[in-house]
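For the record, the sequence lines run as chains G and Y. Residue numbers are given in UniProt numbering: position 21 of the first sequence equals residue 21, and the series is strictly consecutive. Residue numbers are given in UniProt numbering: position 79 of the second sequence equals residue 79, and the series is strictly consecutive.
Accuracy of the hints is not assured; some may be wrong.
Just so you know, same-sequence chains aren't split out, so a pair can sit in one copy or run between any two.
[As the list claims (entries may be wrong)] Mimicking BS3-like on lysine-lysine, the simulated pairs with C-alpha atoms at most 25 Å apart in a straight line are: (1) K198 - K51; (2) K246 - K198; (3) K4 - K75; (4) K73 - K295; (5) K4 - K73; (6) K220 - K75; (7) K250 - K220; (8) K4 - K220; (9) K41 - K70; (10) K37 - K73; (11) K295 - K70; (12) K73 - K299; (13) K51 - K41; (14) K29 - K295.
In short, the hints are calculated from the structure, not lab data.
2 protein chains.
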Amino acid sequence: MNLKRIGNQTVVFANPPVILSSYSVVGPKEGQGPLSKTFSKVMQDNLNGNKSWEVAESKMLEEALQGAVKQSKVKTEELDYMLAGDLLNQIISANFAARTMGFPFIGIYGACSTMALSMAVGSMLIDGQFARNVLVGVSSHHDTAERQYRSPTEQGSQRAMSAQWTVTGAGSVVLSQSGTGPRITAATIGRVLDYGEKDVNNMGAAMAPAVADTILNHMKDLNRTPGDYDLIVSGDLGQVGLHLAKEVLKRSGMETANQFNDCGVMIYDSSQDVHAGGSGCACSAVVFAGEIMQKLISKQYQRVLLVGSGSLHSPTSALQGESIPGVGHAVVIEA
Amino acid sequence: MNLKRIGNQTVVFANPPVILSSYSVVGPKEGQGPLSKTFSKVMQDNLNGNKSWEVAESKMLEEALQGAVKQSKVKTEELDYMLAGDLLNQIISANFAARTMGFPFIGIYGACSTMALSMAVGSMLIDGQFARNVLVGVSSHHDTAERQYRSPTEQGSQRAMSAQWTVTGAGSVVLSQSGTGPRITAATIGRVLDYGEKDVNNMGAAMAPAVADTILNHMKDLNRTPGDYDLIVSGDLGQVGLHLAKEVLKRSGMETANQFNDCGVMIYDSSQDVHAGGSGCACSAVVFAGEIMQKLISKQYQRVLLVGSGSLHSPTSALQGESIPGVGHAVVIEA
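For reference, chain G alone in the conformation it holds in the complex (with noise of 0.2 Å):
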């Protein structure tokens, strides 16, 4: 059998996938931030008219759902699969948008990294020839994460500085087999990796050492440097974690310059009291549905890695003492 798999970790597709719209939803905080103008929709307050923060969140995730279907002009009888999820228990905000849309529904788990690898994933069943159409998208949301991973959000509590500020965001892009759009070219589904950092306010450090092995492999794999990239885009690492990855990266022999950022670094500027940067699975998402497809469109950039960042702890296995494994998972977008 012919496989589609260039060294050890990376498959390179024989159709690829273009990407044929995307939608983001973002909530006040971010739309004040440096990206505003390229976001589809900012919401005026994070509860949007909704009687709690969760029912929000979920109601943002398929809206931005629906805002991607509708600009992809696709038939919603030809839009095969649903990939989605997010960072709440039992990713209750991607089940109750599946429960909405109506597709055959795939719940995909990989914390704040969910966006690449959905889109990794979705990539697969395309080129695959199981689906002419996947719909991807990933939520999550600042009050809804505070209270779950960390102390009740009206409490207020102090931050530390290498704390990620979640941001409250859907993004969602359609997939298909055929059509005008950037292209998803290759994939590098990542190891999950575990350094020992057992601090759950500084996930940049958990997850830096997962990232780079995830960005050394692809470019293994392909025989490719970061010069081949206009840019190597992490989802989350934020300021403490992006330095860290560069590190590895550094002490591994290999160079990255201004073409390596992080999605939680770009979403929010200096002012909005942030500390390290933006987190969860909407942050890789709203950047790159908006930011960065458009440079992609535009041309201003040719070539893309997206490499979705994963925190995998649980507020109970961080109160059970365990420390905290990391995954990357990469994704290459070409215009």
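Based on these hints, arrange chain Y on the given structure of chain G.
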């Protein structure tokens, strides 16, 4: 492009992946049930020497994964992906097992349907030529589920008669592009349905409509009838859900007789005080890895439809008054 889809929801594999091996680990209660002799290993107690039930669950999953890998005789460098999930928040059992195993990892969340869903997606990755071999595994644990979803385990709350008992166990299979063993020939990914059931102590009722919907669509897509299967087996509908699913099918004009059974009904006997039967990711996984695989290998079954059933709620969504969406994912396994 030559699509491998038939009808609305079903894919038929061009080169059906082989199930090279299967391995199951269960707790003592499951080891005292009617399927006792079919499991690979029965633990002496639910902690199995670990400091917490959560650690015990993850270690049990590791053991099942390692057992399946060993039995498959596949070299670890030829295992291209691991797909796994569980019921704990942030699928922490699977994440920690993935850290130990070291394979590129795709986290799946389908609640108790995760085994069938992972087998379906894993088969697509192999048949789509993205992988030579895929390791699939799931776990659940009575004591970790009890305290996460319901009440402190030690409290020993009175259980409703419609409630099910979460299976303590882990099941794993190795799927391969070639070799000897039963083959996965088709898969039907389910839609998320919600008929308004809000009773978290009656998950069978919440899941029954979705399971029936998947069976109906599967038969329609492939132009088959229940008589084309030696066994149609749902994951964990339990006594209540199985009865309801049969009723939904009957009212839709589809008669199922003794060939429609449920892993949650099969795994315990009436003397074991489990009320409506077993549940949990492991319920279908260990019954499939043991009993069903053995009867496929001995050709007692020629063709089986395994329909994983998932209840897609969270304790938070239930407390917020939301109803419980269900899903059913089906795979066809042939001797």
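Results of checking the hints against the structure:
no., hint, verdict
1, K198 - K51, "between (35 Å within a copy, 18 Å between copies)"
2, K246 - K198, "within (21 Å within a copy, 49 Å between copies)"
3, K4 - K75, "between (29 Å within a copy, 19 Å between copies)"
4, K73 - K295, "within (21 Å within a copy, 47 Å between copies)"
5, K4 - K73, "between (30 Å within a copy, 23 Å between copies)"
6, K220 - K75, "between (40 Å within a copy, 22 Å between copies)"
7, K250 - K220, "within (15 Å within a copy, 56 Å between copies)"
8, K4 - K220, "within (16 Å within a copy, 33 Å between copies)"
9, K41 - K70, "within (14 Å within a copy, 51 Å between copies)"
10, K37 - K73, "within (23 Å within a copy, 55 Å between copies)"
11, K295 - K70, "within (21 Å within a copy, 48 Å between copies)"
12, K73 - K299, "within (22 Å within a copy, 48 Å between copies)"
13, K51 - K41, "within (20 Å within a copy, 48 Å between copies)"
14, K29 - K295, "within (23 Å within a copy, 58 Å between copies)"
When the structure is compared with the earlier hints, no violation turns up for any of them.
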